[in-house]
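Each chain, written out:
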Amino acid sequence: MEIRGMPARDILRYISSGEVSAAEVVETYLDAIREIGPQTNAFIEVLEPAARADASRIDKELRDGGSPGILAGLPVAIKDNICVKGAGCTCGSKILENWIAPYDATAARRLREQGAVIIGKTNMDEFAMGSSTETSAYGVTRNPWDLSRVPGGSSGGSAVAVAAGMAPLALGTDTGGSIRQPASFTGICGLKPTYGLVSRYGVTAYASSLDTVGPFGEGVWDCALLLEVIAGHDPLDATSHAKEPVTYTKALDGNVAGLRVGVPQELLRGVSAPVKAVFESTLSTMEDMGMIVEEMSLPSLAHAVEAYYVIAAAEASSNLARFDGVRFGRRADAGTLDEMYTRSRGEGFGKEVIKRIILGTFVLDTGNKDRYYRRAAQVRTLIKDEFQKAFERFDLIVSPAAPDVAFKIGEKIQDPLTMYLADLITIPVNMAGVCALSMPMGFAECDGVSLPCGLQIIGKPFDEQTVLRAGYCLEQEIGAGIREKVRHMRQNLGPVRECELVD
Amino acid sequence: MEIDIKRMAHLARIDLDPQDESTIATELEIILARISRLFEVDVEGVPPTFVMGAESMEPAEDLPHESLCRELVMECAPSVHDGYFKVPRESQGV
Numbered sequence: 000m001e002i003r004g005m006p007a008r009d010i011l012r013y014i015s016s017g018e019v020s021a022a023e024v025v026e027t028y029l030d031a032i033r034e035i036g037p038q039t040n041a042f043i044e045v046l047e048p049a050a051r052a053d054a055s056r057i058d059k060e061l062r063d064g065g066s067p068g069i070l071a072g073l074p075v076a077i078k079d080n081i082c083v084k085g086a087g088c089t090c091g092s093k094i095l096e097n098w099i100a101p102y103d104a105t106a107a108r109r110l111r112e113q114g115a116v117i118i119g120k121t122n123m124d125e126f127a128m129g130s131s132t133e134t135s136a137y138g139v140t141r142n143p144w145d146l147s148r149v150p151g152g153s154s155g156g157s158a159v160a161v162a163a164g165m166a167p168l169a170l171g172t173d174t175g176g177s178i179r180q181p182a183s184f185t186g187i188c189g190l191k192p193t194y195g196l197v198s199r200y201g202v203t204a205y206a207s208s209l210d211t212v213g214p215f216g217e218g219v220w221d222c223a224l225l226l227e228v229i230a231g232h233d234p235l236d237a238t239s240h241a242k243e244p245v246t247y248t249k250a251l252d253g254n255v256a257g258l259r260v261g262v263p264q265e266l267l268r269g270v271s272a273p274v275k276a277v278f279e280s281t282l283s284t285m286e287d288m289g290m291i292v293e294e295m296s297l298p299s300l301a302h303a304v305e306a307y308y309v310i311a312a313a314e315a316s317s318n319l320a321r322f323d324g325v326r327f328g329r330r331a332d333a334g335t336l337d338e339m340y341t342r343s344r345g346e347g348f349g350k351e352v353i354k355r356i357i358l359g360t361f362v363l364d365t366g367n368k369d370r371y372y373r374r375a376a377q378v379r380t381l382i383k384d385e386f387q388k389a390f391e392r393f394d395l396i397v398s399p400a401a402p403d404v405a406f407k408i409g410e411k412i413q414d415p416l417t418m419y420l421a422d423l424i425t426i427p428v429n430m431a432g433v434c435a436l437s438m439p440m441g442f443a444e445c446d447g448v449s450l451p452c453g454l455q456i457i458g459k460p461f462d463e464q465t466v467l468r469a470g471y472c473l474e475q476e477i478g479a480g481i482r483e484k485v486r487h488m489r490q491n492l493g494p495v496r497e498c499e500l501v502d
Numbered sequence: 000m001e002i003d004i005k006r007m008a009h010l011a012r013i014d015l016d017p018q019d020e021s022t023i024a025t026e027l028e029i030i031l032a033r034i035s036r037l038f039e040v041d042v043e044g045v046p047p048t049f050v051m052g053a054e055s056m057e058p059a060e061d062l063p064h065e066s067l068c069r070e071l072v073m074e075c076a077p078s079v080h081d082g083y084f085k086v087p088r089e090s091q092g093v
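Here the protein sequences line up with chains A and B, keeping their order.
The numbers in numbering that gives the first Met the number 0 rise by one with no breaks, and the one at position 273 of the first sequence is 272.
The numbers in numbering that gives the first Met the number 0 rise by one with no breaks, and the one at position 59 of the second sequence is 58.
If you are wondering where the hints come from, they were derived from the structure by calculation, not from laboratory data.
All figures in this text were calculated on a predicted structure; none of them were measured in a lab.
Quick reminder that beta carbons are idealized off the backbone N, C-alpha and C, glycines included.
Do not rely on the hints blindly, as some may be mistaken.
[What the hints assert, rightly or not] Heads up, simulated DSBU-like pairs for lysine-lysine below, C-alpha to C-alpha not over 30 Å straight-line:
id, chain 1, residue 1, chain 2, residue 2
1, B, Lys85, A, Lys368
2, B, Lys85, A, Lys84
3, A, Lys411, A, Lys484
[Said to hold, decoys possible] Only some residues are given here: those of chain A computed to face chain B with a beta carbon under 10 Å:
id, residue
4, Met0
5, Leu267
6, Val270
7, Tyr308
8, Leu319
9, Gly324
10, Phe327
11, Gly334
12, Arg342
13, Phe348
14, Ile356
15, Lys388
16, Phe390
17, Lys459
[To be verified] Quick look at which bits of chain A chain B covers, simulated, 3 or more residues with Cβ under 8 Å:
id, segment
18, 16–30
19, 286–294
20, 477–487
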């Protein structure tokens with residue numbers, strides 16, 4: 000039986016029925032990481048012994064008639080800015096090269112409590128600052144659809160782990176599109192939850208008022224399952240909301256006819272012609288399904304990128320002040336305390352991180368705070384209010400998840416402004432604190448290569464159910480062809496190990 | 000507006016080599032020019048949003064609770080002496 004690439008819910012069924020052991024499943028994915036890992040550089044650390052031990056424990060619990068949880072035996076990859084006790088947590092930075100997390104992030108703890116096997120820590124842009132995984136101190140992650148292209152970022156490693164079949168599920172973080180854009184570039188699903196739905200405890204802060212933790216999966220059901228596990232109030236995160244838990248996988252089936260869907264014209268500016276054509280065809284499918292699709296406008300989105308880069312840089316300059324060589328992380332040799340700070344930070348941080356810290360320091364400097372930071376926060380209010388008003392008329396808002404397909408490695412890294420502006424489509428969702436799903440909608444041609452492109456479905460705050468339901472129903476219409484292409488892409492990457500049935 | 004990179008790097012306590020200083024300065028000037036588009040927006044009377052979801056946040060109970068044990072925290076430190084973080088002197092002559 001070929002386990003690798005099998006939908007997560009089938010793997011779970013086979014494990015719980017005893018047809019396949021958790022140990023066999025974990026070995027299958029460890030093999031896949033060994034075969035494909037070096038080509039893609041998706042993992043910073045593979046937790047081989049720990050994953051094997053966890054799988055054996057779960058198998059024993061199942062044999063003894065226990066209930067190890069709804070993720071029993073399922074391997075999950077975790078972005079390397081989310082703490083997993085006993086594993087490294089580099090955040091893609093040299094400054095945390097040898098740091099071992101002494102505790103679990105709440106999201107990781109919840110995965111373990113439901114029987115998930117944490118298989119490895121995935122590559123990312125340094126401190127999540129980037130849209131291509133090229134700013135990682137541990138080398139660029141490569142897109143499995145075309146190894147000369149980026150997988151997107153900052154959660155590029157997690158996206159590639161799932162897309163290439165090295166893990167059925169993964170966790171990422173999304174501050175300005177870091178789950179949705181890599182999901183789009185790699186042909187999988189990724190969800191940015193409403194701010195406050197998933198605890199940020201144990202997640203290295205980049206921009207605290209924008210950071211969210213969310214799932215990656217091959218399909219919408221996978222994201223719903225993972226969200227179900229990680230969502231919920233956490234007293235260790237003051238911004239976590241005390242909402243009633245939702246069984247998202249149970250909310251997927253249902254009627255989508257009559258859903259009112261808005262298409263903001265501001266999010267279509269700069270979208271490439273091939274991606275726009277796929278998007279328009281997807282809108283037609285949604286109309287055929289009975290959804291009411293209508294053009295609309297959110298004018299303040301025109302300034303979202305500028306406001307975002309002020310707010311994110313300001314919060315980053317404050318959050319990253321903790322990396323000073325005193326309590327954890329890299330410490331440079333120095334004769335005085337001040338030299339130790341400046342050298343540790345100068346040697347430990349990469350160029351993109353330094354740039355954003357300096358920008359953040361500038362916008363918070365005496366005389367600049369009101370001019371830049373306060374004004375950006377006021378623009379944020381305008382964006383938030385516009386979304387709120389739009390959601391009085393619409394149940395969902397849709398757009399492409401990225402303006403184009405994956406670009407070539409090195410193509411944009413020297414042109415930061417172009418790279419920043421490409422985030423225009425995803426940034427407003429973080430600025431407004433609402434939720435959004437990125438799911439594959441088809442393929443667009445670029446330089447003779449057919450590459451995946453994603454649809455972004457934006458929902459009201461804490462209405463992940465409607466977003467997931469619309470995505471799931473749409474997937475039933477357009478997903479078969481996409482899954483077939485994913486299977487084909489994986490076959491081209493390397494051999495697949497077959498799993499033997501347990502007697 | 001020009002960014003005084005040396006001063007910002009000093010405030011952020013980051014040692015910058017001269018080559019990086021010049022590249023970062025050039026890139027930040029371009030980014031800042033773009034950010035200046037924020038001045039076109041009429042924000043008169045608009046309250047700023049600094050924190051998300053502040054309206055529904057509840058203060059935590061002011062009670063002691065378990066945290067990471069001291070030994071575990073100190074194990075992460077680059078240098079420790081007698082159970083305290085050890086750092087270089089504040090200035091060389093003292």
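Results for each hint:
| no. | hint | verdict |
| --- | --- | --- |
| 1 | B/Lys85 / A/Lys368 | violated (35 Å) |
| 2 | B/Lys85 / A/Lys84 | holds (25 Å) |
| 3 | A/Lys411 / A/Lys484 | holds (27 Å) |
| 4 | Met0 | violated (42 Å) |
| 5 | Leu267 | violated (20 Å) |
| 6 | Val270 | violated (20 Å) |
| 7 | Tyr308 | holds (6 Å) |
| 8 | Leu319 | holds (9 Å) |
| 9 | Gly324 | holds (6 Å) |
| 10 | Phe327 | holds (4 Å) |
| 11 | Gly334 | holds (5 Å) |
| 12 | Arg342 | holds (5 Å) |
| 13 | Phe348 | holds (7 Å) |
| 14 | Ile356 | holds (5 Å) |
| 15 | Lys388 | violated (14 Å) |
| 16 | Phe390 | violated (16 Å) |
| 17 | Lys459 | violated (14 Å) |
| 18 | 16–30 | violated (count 0) |
| 19 | 286–294 | violated (count 0) |
| 20 | 477–487 | violated (count 0) |
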